[in-house]
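A.B. asks: Each chain is listed here by its residues.
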Amino acid sequence: MLSQTNTEQQLLAALGAGDRSATHNIYQQYYHIINGWLIKNGGSSADAADLFQEAMVVLFGKAQDEDFRLTCSIGTYLFAVSKNLWYKKLQKQGREPVFLNDNIENEEDGSGIVYEDDINVHHEREAHYEQLNSALDQIGEPCRSLLMAFYHQDKNMQEIAADFGYTNPDNAKNQKYKCLARLRKLFYTMQAK
Amino acid sequence: MAINNNVWELAETYLAGTLSETDLIELKGRLAADTGFASEFNESVNLIRSMEGNGKQKKFRGMLREIHETVAETNPKKASRRIPLPAHFWRTATVAAGVALLTSTITYSILNPSIKKSDSQYNAMSREVEHLKKVQAQQQAQQNQLIQNINKNAKPAPPPSDVKYQGTGFALTNDGYFVTAYHVLNDGKGDFDSVYIQNHEGQYFKASLVNFNSEADLAILKVEKKNFHFSKGEVPFTFQANKADLGTRIFTLGYRKDDIQYSEGYISAKNGYEGDAQQYTLELPIGAGQSGSPVVDEKGNILGVLTAMGSQAEANTYAVSSKSLTDMIHNLTDNTVIHLSKKNKLGSMTRAQQIDKMEAYTVSVKVYKK
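Protein chains in written order, with this note's numbering: chain A, 1075 to 1267; chain B, 9 to 378.
Chain B extracted, bound-state conformation:
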């Protein structure tokens, strides 16, 4: 199969006129045989053309306003009446005609039973979940070793050049316990050296691993500094005990590079990747570095922790449900007790206020490894 399964990529190459003769024939066959694909393809092509047309027109309007400034000031008597055509117009004229020709050939409606669904891939935002599953068997032994290693390798300041992985974490308690996605810490290729968090004010703090569950893709850590606090008050959000409903509006805050990013979406399926009941499937645009970010409903309840995004063919994002997290917290050993906040302070706030409040409790997680 020479032509691409990604309908957008296909629509783009089609509009650009860069599809080969054979691909074009294959596409026509596919369009003819599968009405579902045909309507999806047509909608995609039309949307891209509209976006392009809209963009072009917007730029043209902007240019007209600029031109107006210069033209309106000139004396009409002096304005030339005859326009010489510079040689370079020939080029643009040819290009314009070419583009018009290509875009005007479009109206197929049709498809082919042989469309292979590309194997759905599951991309953990900083690495493959497959690796996690292998690691799982050695979980207990490794866990102890990990914790030892972190404690041994205490460094005074984080060497930024060694940052191997970066994710997002958020506070469980104000005194330093926080959660992130386990895959941020472990790439399945051995232990990390140290973990630091960087808060919204840019300060670094060293953290150590408290516990993790590689299957759920969760890790609980604690900031090592004595008397550390994320912010003034106890964490302002609460943790949802049961699973939220389909269609619940959600938002997330996370770090891409050093900037905190906001995005919003909704729960699109109650279960996650391959029907995993511990997870949600979300319609939420995210990027690398946002693994471990909180998934929050409109009232400020934590519904889950972002774990992975689907392959490019499926536009899904996955999150581990807060229930997996609370279960994990309840099963911690006796010497670590985490009391989750029972008081939600975000409920009656506007979204901007919620974000403002949550920023102090949301951190960038930087993992160092040689």
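Isolated chain A (complex conformation):
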């Protein structure tokens, strides 16, 4: 099944690059399976959307790492991560997970531990980004909007110069560096606390 492995690896790389059709393919293929499983295990479709999207983000994070090679299929991975996230959520709510037979895979092979690590890394990264966002909220305008335009909305310096009233892209770029310097100060001060 070498060709299938290749295909999955390529699909994963495309996912990591944020390719829409690859993402759409994966979503379409596995969302309904997770949704079906979750409904049998005490969740709703709204829970399924949250859960599956979170699992997709975990996979997206993994796909950023060039060394990442799937030891199982994308479907198995997403399913395992989704289940893990769901059980954690139930535990948090003080509800014991209801183990029902699942029709995809059973997880008695120890691979659950690997997913656990991935999820922990994911949570750490989320906390890191949250801190970054709160630093970003504190740097004030126009820095916040300028950095968001560049890093979150993919605007180039030309567009930013026009939007923010800088006479040329170089001025906008200098302002961006200035804003990054502010953010760095704020962010690392927050981290030191």
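Think of the hints as simulated: they come from the structure by calculation, not from any bench.
We put the beta carbon where it would ideally sit given N, CA and C, even for glycine.
Misleading hints may appear alongside valid ones.
[To be verified] In silico SDA-like links for lysine to any residue, alpha-carbon gap of 20 Å or less:
{"id": "1", "chain 1": "B", "residue 1": "Lys67", "chain 2": "A", "residue 2": "Ala1201"}
{"id": "2", "chain 1": "B", "residue 1": "Lys64", "chain 2": "A", "residue 2": "Glu1198"}
{"id": "3", "chain 1": "A", "residue 1": "Lys1162", "chain 2": "A", "residue 2": "Gln1102"}
[Unchecked claim] The calculated label-pair distances, taken between Cβ atoms and stated as ranges, are:
{"id": "4", "chain 1": "A", "residue 1": "Asn1230", "chain 2": "B", "residue 2": "Phe236", "range": "25 to 33 Å"}
{"id": "5", "chain 1": "A", "residue 1": "Ser1219", "chain 2": "B", "residue 2": "Lys36", "range": "30 to 38 Å"}
{"id": "6", "chain 1": "B", "residue 1": "Thr358", "chain 2": "A", "residue 2": "Tyr1161", "range": "40 to 48 Å"}
{"id": "7", "chain 1": "B", "residue 1": "Lys265", "chain 2": "A", "residue 2": "Asp1191", "range": "49 to 57 Å"}
{"id": "8", "chain 1": "B", "residue 1": "Leu32", "chain 2": "A", "residue 2": "Ser1118", "range": "33 to 41 Å"}
{"id": "9", "chain 1": "B", "residue 1": "Val171", "chain 2": "A", "residue 2": "Asp1211", "range": "31 to 39 Å"}
{"id": "10", "chain 1": "B", "residue 1": "Asp364", "chain 2": "A", "residue 2": "Arg1143", "range": "28 to 36 Å"}
{"id": "11", "chain 1": "B", "residue 1": "Leu32", "chain 2": "A", "residue 2": "Ser1119", "range": "29 to 37 Å"}
{"id": "12", "chain 1": "B", "residue 1": "Lys36", "chain 2": "A", "residue 2": "Asn1242", "range": "29 to 37 Å"}
Since the structure of chain A is already known, use the hints to place chain B on it.
C.D. replies: Below, chain B without anything else, positioned relative to chain A:
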């Protein structure tokens, strides 16, 4: 020295993988020799990666939500189980792998005694202060001439195409006296033809120069129109008599193009450029057109007038202290008397209310010159 002194530019090119072999070796040497630079560089690289990662993930989440809308409606039975890999995935896959490869090579910690501090430059927001200093010698003669010229060249309406420089000004008195940075009016290359202000409602008024101090980089002007008023009441802010403390939170309102802009920051050093005691050094993000903007503390006291921003290497902004301004006002000749407001109406307002109130007293200054 081939590689750039700007740590951010360096971090960006490094992350993009566009540094040449020799630059990379030089960078490694620098990182190894200077721990201070190394930690600054590492922090910068990490911050940029985090910003990029965060942005990517945010976009990915947005895309997932959009995809969910289409997928959730489709019948699961019809969803295809086998995914053909279109040819273009090959390209994205290669790019993704390439990016990952580049970003995963990063962990240096080290520097080089030979880092040359780039000569600190001092960019006046609409022109070089150096020119001002040359002009200073001819100050008196020129001043008279300037005033004459403005009076001669009265035009009925401002020709927008001739706008040479633009800055910001703010009211000293409600009946038309206002201040801006002198360099907005004079680029050191001769006199301007006329000055107009445009208020927050978009109306133009012609103004004439009352006095200026090129050394302090201040100019006082007056709107020519009879019975002109900036707004209904006397100016709502007061002028701080002595210098404010280090760390004082400040904000500013100014015009970039035609839109009023708000930004906030703090006093980062009590003296200004090269220790100039008439100035403050500020941590405040600003852009072209904001020269002459008021620097205001949280209570609504004017602490200074924005004059210049540092070169790209230093992230500083400079302002002339309000003391220089009040000194200048006190030394005006007998026929111009400016009574500054003694009553602060902004003290107990929220920031949004303060801004709202101040808008009417903050104007765009447009300088016309052939």
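A.B. asks: Determine for every hint whether it applies to the structure shown.
C.D. replies: How the hints compare with the structure:
About 18 Å separates the Cα atoms of Lys67(B) and Ala1201(A), which keeps this hinted pair within 20 Å; it holds. Taking the CA atoms of Lys64(B) and Glu1198(A), the gap is near 17 Å; set against the 20 Å cutoff, the hint holds. For the hint pairing Lys1162(A) with Gln1102(A), the CA-to-CA distance comes to about 25 Å; that exceeds 20 Å, so the pair is violated. For the pair Asn1230(A) and Phe236(B), the supplied restraint of 25 to 33 Å is violated, since their beta-carbon distance comes to about 43 Å.
Range check, Ser1219(A) to Lys36(B): Cβ separation about 36 Å, and the 30 to 38 Å hint holds. Taken as a hint, the range 40 to 48 Å holds for the pair Thr358(B) and Tyr1161(A), whose Cβ atoms sit roughly 47 Å apart. The hinted range of 49 to 57 Å is satisfied by Lys265(B) and Asp1191(A), whose Cβ atoms lie roughly 51 Å apart. The given range of 33 to 41 Å is broken by Leu32(B) and Ser1118(A), whose C-beta atoms sit roughly 53 Å from each other.
For the pair Val171(B) and Asp1211(A), the beta carbons lie near 36 Å from each other, so the given range of 31 to 39 Å is met. Between Asp364(B) and Arg1143(A) the Cβ separation comes to about 58 Å, which falls outside the hinted range of 28 to 36 Å. Checked against the given bound of 29 to 37 Å, the beta carbons of Leu32(B) and Ser1119(A), roughly 51 Å apart, lie outside it. Separated by about 33 Å at the C-beta atoms, Lys36(B) and Asn1242(A) satisfy the suggested range of 29 to 37 Å.
The structure fails to meet hints 3, 4, 8, 10, 11 from the earlier list, while all remaining hints are met.
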